[in-house]
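Undergrad: Sequence:
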Amino acid sequence: MPVIISLAVVIKEKVWGLSEIIRSFHDLALEYFYQGHYDAAEQLFLKALRIREQALGLEHPDVADILYNLAQLYRVLGRYTEAEAKFLRSLAIREKTLSPDHLLVVACLNNLALVYQNQGRYDEAEPHLLRVLRIQEHALGSYHPQVVTSLNKLAWVYQNQGRYSEGEPHILRALSICEHTLGSTHPHVATSFNNLAGLYQAQGRYVEAENYYLKALAIRQHASGLDHPGMAISLNGLAFLYQNLGRYEEAEPLMLRVLMICEDVLGSNHPHIATSLKNLATLCKAQGRNDEAETYLLRALTIRENTSPLIDSDVHYQPLCSVAVYRDEDC
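Residue numbering for the sequence shown is 1 to 331, as defined by the working numbering.
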């Protein structure tokens with residue numbers, strides 16, 4: 001708990017050496033970060049950074065570690081200019097003191113790419129992701145799960161640029177690796193099916209998109225059950241497909257299931273719930289059900305006013321999916 005760690009910092013300042021004091025500041029900053037106490041986390045990260053720079057120099061690997069975590073904080077807060085600067089500095093130190101192909105370098109490259117993606121700077125994200133893929137293939141082999149993750153990230157960048165013909169082979173390769181190494185009914189295969197569905201939906205290939213969403217749902221339901229967060233991702237994609245096709249009666253129950261799953265996982269007042277409510281409001285409005293749309297929107301606004309404004313309200317199913325993709329986990 002933060003109070004306990006704060007007390008530990010005070011004790012260590014009086015009894016232990018400099019390295020333990022710095023570690024305590026860093027540990028407390030991480031604890032505050034994980035609990036959403038961002039202002040307190042930032043101040044402690046900055047304090048630990050100043051002490052480490054003075055004690056160890058500007059290019060020590062331990063300095064790179066604090067810069068990396070501070071950059072993560074700024075990324076979460078949407079302070080992308082500051083996040084980019086800290087990631088770049090951490091990257092430069094790690095490349096110099098470790099090696100250009102070290103896995104800690106890969107972590108910096110991945111997060112820099114995410115910062116660029118969050119700003120729509122896909123041209124800048126792409127070379128970092130390509131470099132990550134090359135390093136991983138060389139260090140881990142072509143069939144490693146992290147290679148699958150990188151292929152999916154690149155496909156997402158290409159999809160957002162409208163470069164569908166370049167994105168599709170990456171997803172198909174990721175799918176082939178998953179089927180070869182894990183079997184055709186593994187949840188990672190469902191993730192690839194879902195990614196293919198999203199790509200085809202963006203191209204207007206609706207029949208193929210629906211087919212792959214349904215395949216993904218069948219695997220997820222069998223592997224993880226009806227209430228797994230991965231179900232929400234596929235359900236949401238299928239719901240938007242039906243909405244775009246004017247199949248509102250089929251879309252609505254899927255969106256309601258997404259809302260139920262998200263509330264079970266995140267609680268009823270989480271910012272991501274507001275996104276689901278906004279999506280339902282849009283669906284109701286498209287059918288002329290303005291009173292219901294207003295009810296959903298008012299609840300969404302109430303949640304956003306009482307919680308963090310950092311979540312992009314136009315991102316429909318990224319909140320659950322991004323956690324999986326950028327932590328190298330299955331949705």
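These aren't lab readings, by the way, just hints derived from the structure by calculation.
Possibly wrong hints are sitting among the right ones.
[Claimed, not checked] Restraint ranges, calculated between C-beta atoms of paired labels, are given here:
#1 L256 <-> A55: 33 to 43 Å
#2 R50 <-> G225: 42 to 52 Å
#3 E294 <-> Q203: 25 to 35 Å
#4 D39 <-> A85: 14 to 24 Å
#5 Q35 <-> A85: 37 to 47 Å
#6 L88 <-> Y248: 23 to 33 Å
#7 Q35 <-> A139: 26 to 36 Å
#8 R247 <-> G78: 33 to 43 Å
Each residue gets a CB set at the ideal place from its N, CA and C atoms; glycine is no exception.
Undergrad: Run every hint past the structure and note whether it holds.
TA: Now the hints, each set against the structure:
1. Restraint check, L256 to A55: a C-beta distance of roughly 56 Å breaks the suggested window 33 to 43 Å.
2. Checked against the hint of 42 to 52 Å, the pair R50 and G225 passes, with Cβ atoms roughly 48 Å apart.
3. The beta-carbon spacing between E294 and Q203, approximately 34 Å, falls within the hinted interval of 25 to 35 Å.
4. In this structure the supplied range 14 to 24 Å holds for D39 paired with A85, their Cβ-Cβ distance being about 19 Å.
5. At about 25 Å, the beta-carbon gap between Q35 and A85 misses the expected band of 37 to 47 Å.
6. Separation of L88 from Y248 is about 47 Å and departs from the stated range, judged on CB atoms against 23 to 33 Å.
7. At roughly 34 Å, the beta-carbon separation of Q35 and A139 lies within the given 26 to 36 Å, and the hint holds.
8. Taking the beta carbon of each, R247 and G78 are about 35 Å apart, inside 33 to 43 Å as hinted.
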